[in-house]
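2 protein chains.
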Amino acid sequence: MGAAVTTTRTEAPGTNTAAAALTVTIDDLRRQLTEVYRAWGMGEAHIETTVEMMLYADIHGIDSHGVGMLPLYSQWRGEYQLNMRPEIATVREGPAIAVLDGDAGLGHAAAHAAMGLAMEKAKSIGLGAVAVRNSAHFGAAGAYAMLAAEAGLIGIATTSAHHEIIVPTFSAQAMFGTNPIAFAAPAGRNRPFSLDMATSTVAVGKIVIAQRHGRPIPEGWASDGGGRPTTDPDVALENYMLSPLGGTRELGSHKGYGLAAMVEILSTMLSGAIYTGTKAARRPDAVHPGVGHFMLAMDPGAFREFGDFEDDMDDMIDALRANRPVDPAQKVMVAGDPEYRAAEERRRSGVPLPAMLVGELRAIVAECGAPYVLEG
Amino acid sequence: MGAAVTTTRTEAPGTNTAAAALTVTIDDLRRQLTEVYRAWGMGEAHIETTVEMMLYADIHGIDSHGVGMLPLYSQWRGEYQLNMRPEIATVREGPAIAVLDGDAGLGHAAAHAAMGLAMEKAKSIGLGAVAVRNSAHFGAAGAYAMLAAEAGLIGIATTSAHHEIIVPTFSAQAMFGTNPIAFAAPAGRNRPFSLDMATSTVAVGKIVIAQRHGRPIPEGWASDGGGRPTTDPDVALENYMLSPLGGTRELGSHKGYGLAAMVEILSTMLSGAIYTGTKAARRPDAVHPGVGHFMLAMDPGAFREFGDFEDDMDDMIDALRANRPVDPAQKVMVAGDPEYRAAEERRRSGVPLPAMLVGELRAIVAECGAPYVLEG
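Read top to bottom, the protein sequences are chains L and S.
Mapping the first sequence onto my numbering, position 212 (from 1) lands on 212, and the numbers just tick up by one.
Mapping the second sequence onto my numbering, position 61 (from 1) lands on 61, and the numbers just tick up by one.
Check each hint, because a few of them may be wrong.
Stated by the list, open to error - Below, computed lysine-lysine pairings styled on DSSO-like, alpha-carbon distance capped at 27 angstroms: (1) Lys123/L / Lys123/S; (2) Lys206/L / Lys331/L; (3) Lys331/S / Lys206/S; (4) Lys279/L / Lys331/S; (5) Lys123/S / Lys331/L.
It should be emphasised that the hints constitute simulated quantities derived from the structure, not laboratory data.
In isolation and in its complexed conformation, chain L is listed as follows (with noise of 0.2 angstroms):
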């Protein structure tokens, strides 16, 4: 991964920070993560998988979830008393269940035992599904679906927040996270398909971009402080109040907003995780953000004949391909393909760093004593 790269730098034009914009090797990257978290305090037993559940997002272009949530954690740290050596504690299982307690750490480890756990239940008896509550920001729910996936089993992901941001139809207040749903299944000669998709409209960080640029937003993309949509993309980040996928009632938000809901009952309800949409009344005094996830794995060659459910991925996702596009320019996709696109683009170049970032990440790195690497 990366071995015949170096890491560059970049002069960021326009910028007047003190650091400019780097581009990284994965295995630089990989190196300066690993020497945060051992600043941190974090268990060995722990690094080696939050830091590769971390890269799984810079590595396949999801930058608001890899390197670039270091900052938050570094803040959460303090603010939420994340628990740097937790110990996973399995508190129920079954032979198809079994829930989690994350012990107040960081979601990484927690959600990647979780998927593990339920790999396992499902290649003994077809399905397994694992709960966990007492967890925190885990990264990019597709990284979970995808280890089913690459084991050749189907991999659902879903993930709470600790901070509500979707805004439910005929609302004025904001009452889930961005509540990701990932899925993912194996194929034979075609790379897993794999949907990782939060249940707002956009992300936020869209709208950044769009406020960058002086540009207006969508109708559908957030809403002003009364709950009514908002093309100002300053307007929008002042209230932080993001609509259901659908967008507006007209073009059906009421099925995001439903799917936010189902997103939350999976991950919060069955887990005895924390609601951030109650917990001002019923959790005031939790300190931990009390996350949780859900993860379902399910084996195919315990439903199909050997390779039958392979073969007929391949033959969708083939004929998905081929289809007849609007443009010719742009060709029809699936689910995963942009993110396999980067991951080959970024394994062979590096993964650029805006400058604010590695000025983030230059501060983190010199608060916590740990060797900075990435600028050789």
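Using the hints provided, position chain S relative to the given structure of chain L.
Leaving out everything else, chain S in the frame of chain L:
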């Protein structure tokens, strides 16, 4: 249910069809459906299940999926050689999963059996999933998810369809049915959370209504023959190409497209059903549509202490209903609320049948020699 109601005849103003609109009691509708299926030669064991699953839709205001389907079933009975006396077979079974073969019948009885089996497994080991192949239209997906919720379980139901209508993002070809997802979860003092959504932005019925009123449709509902968004209901109904949830690329149609594909994978690839998107090339000989379903049931009592899940569900549902609304006249709803309201109304006042449907029902009854019971 509707004991005090009598079937009433209403003149449909402005129509000169032979039949007039009717409002019928649920009991009369049950009797009429039963008589038709008996005349069609359906086995008595399947008649009750099929009729109750259809009535779920009529009672809950889902007019597109109940008795309104009978004219199409009548047509498909010949066209697709629907087997009226199918022997639903369990072709694979383990402690957590099973695969059923619907024996080329209608889908209601097979899907009902599949959810029943998934529920048995969930009650035994917390989780069960059953896939069905060689089936056909099963009515409203929500009917099956609600079987689980009424028994205190979480239920998920999906189905493929035998006619492609959803167009992938960037594509000019329909590649999936309306591929619905239903998810239901029990609460305590509240009725179950009950989401039942097509993965298209809207149902065809909504475009038909716009056409009747001579109104344009919003961009994001459907596309023209070239795959470009159209606002003309005539163009939309000529091409029968619906947008996935999200509507346009800018508003996240790739997510709706991903969900439609996920439903296809669960319903078709996992069961070994026929994928409509490649049927012409791969299974040109198949007469029966070979639709697939997927049913999953999960027992919250296996994950949580008794009653805790239901308490947390009530907490969330109450908080959502208490949300500050954008418009004080339109309160925030929870998935299932519109259907519960319709059920209350229809149990009291009966089920309205438009004049055109009454005419079609009379023709079906006359053709098969069943007694006509709707107009006393």
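Item to check | Which numbered hints fail | outcome: Structure breaks hint 5 only.
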